[in-house]
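Undergrad: Chain residues, written in single-letter form:
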Amino acid sequence: MSYKDRRRVLWVLFLIGLALLAVVAQATTLVRLRFQDLVHHSNSIARVRCLRADTRMENGEIWTDTTFRVLSRNKGYLPEEIDVRQPGGQFQHLHSHVDGTPEFRPGEEVYLFLAAHNGNQFLIVGWSQGTFRIHRDLRSGGETVTQDSAETPVFDSASNSFTKSGFKNVAVNAFEQRIHREISRESE
Amino acid sequence: MTFGEKEKTMQNTLRQFTSLAITLLLVLWSVITAQGYAFNEIVPDVRQPGGVSSGSACPVPSHQLTSAAAIAFRWSTMLGTNPKTILTQNQTPSGSLNEIEQVIQQSLSIWTSVAGTALTAASVAPPVRNSSANLCGSDGINSICFDQPDMAFTPGVLAFTRVITADQIGIQLGSGAPSAQVGQILDADIYFNPSDSLVTFSTPLALAANPKSYDLESLLTHELGHTLGFSHSAVWSAMMFPFAPAPGTFTGMRPTAQLPDAPLADDDRTGTRVLYHDPADTQFIGSLQGHIIPANPLSLPASPPGVTGIFGAHVVAVDAASGAVIAGTIGGWSCQAPGPAQFDGTYQISGLAVNRSYKIYAEPLNGAVGPAEVSNAISSLCRNATTDPGWPPLQSCVVPAPSLEFTTATRSSP
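As you go down the protein sequences, you meet chains X and Z in turn.
Under the working numbering, think of the first position of the first sequence as 2, with each following residue one higher.
Under the working numbering, think of the first position of the second sequence as 239, with each following residue one higher.
The shape of chain X in the complex, shown without the other chains (with noise of 0.2 Å):
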């Protein structure tokens, strides 16, 4: 390679980092959480499957609830239903839109991270983030997992350069233990 092409090599590595710095690390609604925060901040985590979802108008305020049915438990004591709230929905002629958050097809199972709100009813850890859609493999009946914000990258400062660090067609065997290990290292 001539000192022209080595040169024009660099220029080109040069720009592809500066690109690279003034690309994304957080979501606009949303701070990225490492997997132990997410397990840290959830009172529960739980397999579920959504029922049905009605939307009604409180405190002035449009919120969709969410029924789920709950499978099992991975964190935490839940009853045999959850409702989970979120903003947004539709109510009679006026539709509230709130970009971000997860949405869910009655049948669908999901393992959802918790944060208590008010009795049954129930708040997602960071949106998409604690939002892991379970995948069965017609074939094989395997199951993976997979994180709603899974190809969010972020910036890791220590290595200066940016990694994706969600779940991505994971096992549900594995990412089971990935929470379980996080909790034993929590009551530590």
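Careful: at least some of the hints might be erroneous.
Claimed, not checked - Here are the simulated EDC-like pairs of lysine to aspartate or glutamate, each with C-alpha atoms no more than 20 Å apart in a straight line:
(1) X/K169 - Z/E643
(2) X/K169 - X/E81
(3) Z/K450 - X/D38
(4) Z/K450 - Z/D434
Since the hints were made in silico from the structure, they are not lab data.
Computed from a predicted structure; not experimentally measured.
Fit chain Z to the given chain X structure using the hints.
TA: What follows is chain Z alone, placed relative to chain X:
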């Protein structure tokens, strides 16, 4: 990420998912389709008379009115003090408020400076100060709050915007005027999290001295994009890309007198031109339309019925000469009055400069941006008897799940 890198990512995706072959057709299409950019959409309430609902179940993008001073914001001067969450260079109480107000005006000005749109400086009234601690709420007045707790905040949530849109004419919220158009935004409030002791926001003047804080101007400009009706963009350089710059940095370039919309990317500008079309504009009137359909129809989802094309693809227009990304959209649907939306793989990118050549590419939403980040542009395309009792069956539809695994090839129009 440069376009070349994106191409590489796309090539990797192509290698990963080879089971499905997709044909990208460029055809002209004369109906409402997924347009450039991603907007928050609403379906008008067709159970109401046509005079107030338009009678069509075709999705309408949420939008503000653009008549003189139609867009008004008030902002709460109540700021978090323990700890201080909004950091300014000027430490005096009045100087600090002036500096914050300057950021609000600057952020609004960034959006109203885009050439070729009906959204101009005249559309926006000067921001008004208010000392109320609970300024934000569904009262028909747009507000910005820096120190108002809200039930929606959980650990990890930095800021959010509530946008309330009317699905028919004549709907009134609080003290605001009744809606004059279907899809009109009646109230848009921006909340900054006041309760996370680790999170601070700095004005541009204070950012360098506070490198661990977030750039207030970048975040506010993004949130103001939501108040104008935008959902998120899957284009990395866009202001409406869902992820904000790292602490101590800012999005794009700072605005200048010569380039007042400098922080925006072309994708943001194109979206503004589409959403706030200026009928007098003769430059940005180009439009590209087409279909993304599978080579093998058996690969389409069986449920809901009637899906005939790929839904939820990210379709991007690239300037053929410069390689710059000009606009991206979430494609896959079209609608012709009286509706409902058809999930036929149609896309449309409008607001493009004429006399330019463009390349189009499509990719699944399984990269840096996923369906969760644009859910308001996707899930609100349909209404039916399950979501709305008494909804007419002929104008009902169900939004399919976005196709996240496909590869692309192109072929010319039939």
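Undergrad: Hint by hint, note whether the structure agrees.
TA: Now for the hints, and whether the structure bears them out:
{"no.": "1", "hint": "X/K169 - Z/E643", "verdict": "holds, 15 Å"}
{"no.": "2", "hint": "X/K169 - X/E81", "verdict": "violated, 28 Å"}
{"no.": "3", "hint": "Z/K450 - X/D38", "verdict": "holds, 19 Å"}
{"no.": "4", "hint": "Z/K450 - Z/D434", "verdict": "holds, 14 Å"}
In the structure shown, a violation is registered for the earlier hint numbered 2 alone.
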